[in-house]
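Visitor: Sequence:
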Amino acid sequence: MAILDILVYPDPRLTQISGPVEKFNDELLSFIFDLEETMRAGPPSVGIAAPQVGHFERIIIVDVSSKPKIPNHGRLTLINPNILCKQGSMVGREGCLSVPEYTGNVSRAEKITLQAFNKEGRSLNYTMEGFEARAVQHEIDHLDGLLFLDRLVSRRSSLFIRKVYK
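First residue of the sequence shown: 88, per the working numbering; consecutive thereafter.
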């Protein structure tokens, strides 16, 4: 069990593209456990991607179940996720553990169909919409070396200093 260090912008490693997971074994399960612990230990968030802790394999964890009235699939560990279909478009505010001082408005697909493997290596398909679809797209961007900063609706008017609530 380990809480891993989060890479913070402008760390150049955040632009690195991650490779696919090829072995489903105890080492993978151990890393996923550490990634989950890191997500739980940090500031509240709905997702984390392996590259955010300097591990460049295609692994994300997403859990929007704490948000009331949002359709979701619970806590998901998605390995080698692949978006098969995107529908619609919506703009929403996003934040990121790797960009702790800012939030921004980003346009994302409103509904996605996704194929990914679970921790045991079983292929699964999901249809997601709304906030859950946004969170998954955000985390997949990390796997491709992108941050929400790269997808701002407007560089002039869509970036905001994060409010700190006491």
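Treat the hints as calculated values from the structure; they're not laboratory data. Each residue gets a CB set at the ideal place from its N, CA and C atoms; glycine is no exception. Take these hints with a grain of salt, some might be off.
[As the list claims (entries may be wrong)] When the alpha-carbon atoms are kept at most 27 angstroms apart in a straight line, the in silico DSS-like pairs for lysine-lysine are as follows:
no., residue 1, residue 2
1, K110, K154
2, K156, K198
3, K154, K173
[What the hints assert, rightly or not] Okay, the calculated beta carbon distance ranges per label pair:
no., residue 1, residue 2, range
4, I157, G129, 28 to 34 angstroms
5, A128, R243, 22 to 28 angstroms
6, P130, P97, 17 to 23 angstroms
7, A128, N212, 28 to 34 angstroms
8, S244, G208, 22 to 28 angstroms
Visitor: If a hint holds in the structure, say so; if it does not, say that too.
Guide: Hints versus structure:
Of the pairs offered as hints, the one joining K110 and K154 is violated, with about 33 angstroms between alpha carbons and a cut-off of 27 angstroms exceeded. For the hint linking K156 to K198, the alpha-carbon distance of about 17 angstroms falls within 27 angstroms, and the restraint holds. For the suggested pair K154 and K173, the alpha carbons sit about 23 angstroms apart, so the restraint of at most 27 angstroms is met. In this structure the supplied range 28 to 34 angstroms is violated for I157 paired with G129, their Cβ-Cβ distance being about 21 angstroms.
Between A128 and R243, the C-beta spacing of about 35 angstroms breaks the proposed range 22 to 28 angstroms. A hinted range of 17 to 23 angstroms holds for the C-beta pair P130 and P97, which are about 19 angstroms apart. A hinted range of 28 to 34 angstroms for the beta carbons of A128 and N212 is consistent with their spacing of about 31 angstroms. Distance hint check: the CB atoms of S244 and G208 are about 44 angstroms apart, inconsistent with the given range 22 to 28 angstroms.
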